[in-house]
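Novice: One letter stands for each residue in the lines below.
Protein chains: 2
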Amino acid sequence: MNLKGLSFIGPRRGQPTDKPFHAANPASGKGLEPPYHGATVEEAEEACALAGEAFRTFRRTTPAERAAFLRRIADEIEGIGDALPQRYVEESGLPAGRANGERGRTCGQLRMFAAALESDGWNRPLIEPAQPDREPLPKPDTRLRYIALGPVAVFGPANFPLAFTVAGGDTASALAAGCPVVVKAHSSHPGVSEMVGAAIRKAIDACGMHEGVFSLLFGSGSKIGPVLVNHPAVKAVGFTGSQSVGRSLFDLAAARPDPIPVFAEMSSINPVILFPGRLAEEADAIVDGLYGSVTLGVGQFCTNPGLVLLPEGAAADAFAEKLAAKLGAHDAAPMLNRGTCEGYDAGLERLAKTSGVETLLRPEPEHGPGGCHAAPALFRVGAADFLKADPLHEEVFGPVTLLVRCSDADTVRKVITAVSGQLTVSFHANASDVSANADLIADLETFAGRLVCNGFPTGVDVSASMVHGGPYPATTDSRFTSVGTRAIDRFLRPVCYQSFPPEALPPELRD
Amino acid sequence: MNLKGLSFIGPRRGQPTDKPFHAANPASGKGLEPPYHGATVEEAEEACALAGEAFRTFRRTTPAERAAFLRRIADEIEGIGDALPQRYVEESGLPAGRANGERGRTCGQLRMFAAALESDGWNRPLIEPAQPDREPLPKPDTRLRYIALGPVAVFGPANFPLAFTVAGGDTASALAAGCPVVVKAHSSHPGVSEMVGAAIRKAIDACGMHEGVFSLLFGSGSKIGPVLVNHPAVKAVGFTGSQSVGRSLFDLAAARPDPIPVFAEMSSINPVILFPGRLAEEADAIVDGLYGSVTLGVGQFCTNPGLVLLPEGAAADAFAEKLAAKLGAHDAAPMLNRGTCEGYDAGLERLAKTSGVETLLRPEPEHGPGGCHAAPALFRVGAADFLKADPLHEEVFGPVTLLVRCSDADTVRKVITAVSGQLTVSFHANASDVSANADLIADLETFAGRLVCNGFPTGVDVSASMVHGGPYPATTDSRFTSVGTRAIDRFLRPVCYQSFPPEALPPELRD
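In the order they appear, the protein sequences are chains Z and H. So the number in the numbering used here is just where the residue sits in the first sequence, counting from 1, plus 593. So the number in the numbering used here is just where the residue sits in the second sequence, counting from 1, plus 593.
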């Protein structure tokens, strides 16, 4: 595929600028061609205005038409062939298996929303016929369904070049709802983004959708982001990334003359609780599982387990030793970019220097030819010191976890309560643990959007019952999820049709 | 009932202050006993902290327990007997029939949510069993339900002393969800609020609910409001009232270290479109219906029709003449308080002095013994002048409507587009009108939360398919409704339970 390095402003391409940027291969440090030209403010505004125009027709396409469109996008992405995972590997430093897996997930998501549109429940239709004889007042005929909110601005993260960005979950759910999308591409993987953007443009042409249904903008988030969030045509925002950027977009949206909803998925340390009974029975399996979860994707998952609450005593100490050994034998691998790697170093330094924290494993800061390689780390602290030290409650993005010694269930509750809202809380428990800690386990749902028993938080299954969300700062609105079928709810609003003649009713609300 | 004039801080009463206030009868201007003592900041904080404590147990009560609690509240309200509508009439100036009707609606709402809790769908449970053989990855067992968000602060308006305040829709839906409630009572009707507050307290005792599940605070909104919205234990806000106050609470909530959702229902002028065919056939019936809707409750409904789009020409002029005559024969009646009446006067002045506006009916500003009486008014303007004059696009709270002459469907679309988000849009159309304006009618849903055909917007039916919501500034979040069963969605969030042992699953998610 011939990459041009230019934004997609609806059907046309953006203009070259005099200060383009290059993606870099984090494994080698080498720059990647072509140069990428950031969108101008005017181009970003044009993309939003086009989305507003497109909304007028796109919102009225049938669910079947949008389902066909989503499937066509998936087909076009698959049609790119090997060039896509090759570029993915070059831009992310992640292995080919991950690239292929994430492509499968992305296309699977698009097809999941297509299937959802063919089910009866996606827009929650409800018919309540008139009751002329109801006392004290007659009931009018009222019928309810949920409709598209309007154009959505999507901001993807560095860590999922496919599944959370250009054609990822935010875009797929917004398009499914009937909302045009303007994507701000992450500057770590512009090539993958351009390939997927071109696939969406092809699908638009093939399906006869309005040309403004999709735009893709390269360039600086601090320049383009506020333009998208403040544009009158934009009616919602989907964001995945850091807490500081997510919060700044949320603040902008809330300050608009007409505030718009922002679903920002931001920060989580995903506590894992090891109860003593299960730990005694399954220590080796838990070491293996935790090792895999901490190192997966070089620790760069939103659901990376950054905190492990374990008992005091010899069994837990032996567990820690085995885990340290296993993590210590793991090869360094490139993180997504230099900034991420530097953030990881700074995070390890913060952990290491906090009072009461023992360093069980800390790699030399040797970052390889691209300056991005990182190896796992492991720290340990007592609950009392943990509770005193706010810096320990914050996410360190990368392959590191902090063990917290907790003498009893009460202490576990205190530690969980001390950290803020989470995407996930996991716990390892046998039947006796479950029965001895029933009250605590029943309360875990107040801290997170997803609870995992005897498993690890990485590997978010994409399904109708998945929740990728949670109390702030995991997200800016815990009432929604960004993964799974119900991600569409973020971009829908209810409308009641009262006493409508059948011919004016939407098809799904006719008798 | 012996009114004490003191807040309910959970189970105890607030302290007397040295600057109490009295409610006034808007019909007579006479002050009403007893004096009411505003809650202190400390008392408001205590109420929030109690709600936070109560949440720990209340959120885990069964749906059946909460249903019994809601029904008991309804029974206790009915048990107050005639004293309640009597006080309602004294405090609001509204007639006894309205008082009784609103009591019925309030108790009906409580029972509707009780019934909803006994249905399967209220918290959207979904079970997706494991698929160990799924390719490329096994699917874990994942189960979804929606749980209570946390304590809710409720701010009621002056215009619904029962159905939108102490035990109104916000409180009923929050309690149904499992959220404790702290209500800031409106200072126009403290006596009705205290009676209903006492009924809720009785129901708490009778049902053995945690004592912090409900508090009721009297006093200044500008003092108490920020305390409630900023308190760490409070996790959501329900508000009905003016745009300025609603927006200020929204801004406070968005600026918290952990932003919380605010559903504020604020401002709407509820356009009514009269298409020519239907107008020719049914002019007299539309005059009668519009007259009733404009004057209902002295025009003090959120859904009051403040804008009527009608054709140009003789038929429309005759319609306007008949409507003016009918409204002109309507007796003045007391508005809710002096401030509301003064706002109405100022609004009429704003309409009358705007360029191009014809005054068809404007009452003398003779406000009776309480300074609150107001009579209907009617104005007319051409679409071109309307489109130029922003002040005409804003709500005038009271029994007034503005006729806008629109030469064709395109002009109707321009006028509807010029006004901001609405709770409702109504249209009167016969079969030919519907067919000639199919495109416009299909787009009306983009402007409002509820569309009404051949009817009027006042009289919001309380049912599962009702929507009382809409784009800003009708509300601060168009994705929700404050009336009807789905009002509960505002106070729920999804949680996924992955690979849970049956004994740790919530009952509704067991096989």
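There could be a bad hint or two in this list.
Unchecked claim - If you want the footprint, here are the derived chain Z segments under chain H, 3+ residues with CB under 8 Å:
(1) 861–870
(2) 1079–1091
Stated by the list, open to error - Selected chain H positions facing chain Z (Cβ under 10 Å, derived; list incomplete):
(3) 800
(4) 1007
(5) 1022
For the record, the hints were derived by calculation from the structure and aren't laboratory data. Cβ atoms here follow ideal geometry from the backbone N, Cα and C, with glycine treated the same way.
Novice: Taking the hints in turn, state whether each one holds.
Specialist: Consistency of the hints with the structure:
1. Counting residues of the region 861–870 of chain Z whose C-beta lies closer than 8 Å to any C-beta of chain H gives 0; at least three are required, and the coverage claim is violated.
2. Evaluation of the coverage hint for the region 1079–1091 of chain Z: fulfilled, as 10 residues show C-beta separations to chain H shorter than 8 Å, against a requirement of three.
3. Interface hint status for residue 800/H: violated, as the beta-carbon distance to the closest one in chain Z is roughly 21 Å, over 10 Å.
4. Among the interface hints, the one on residue 1007/H is violated; its C-beta lies about 14 Å from the nearest C-beta in chain Z, farther than the 10 Å criterion.
5. The closest approach between the C-beta of residue 1022/H and any C-beta of chain Z is roughly 8 Å, which is under the 10 Å cut-off, so the hint is satisfied.
In summary, the numbered hints that this structure violates are 1, 3, 4.
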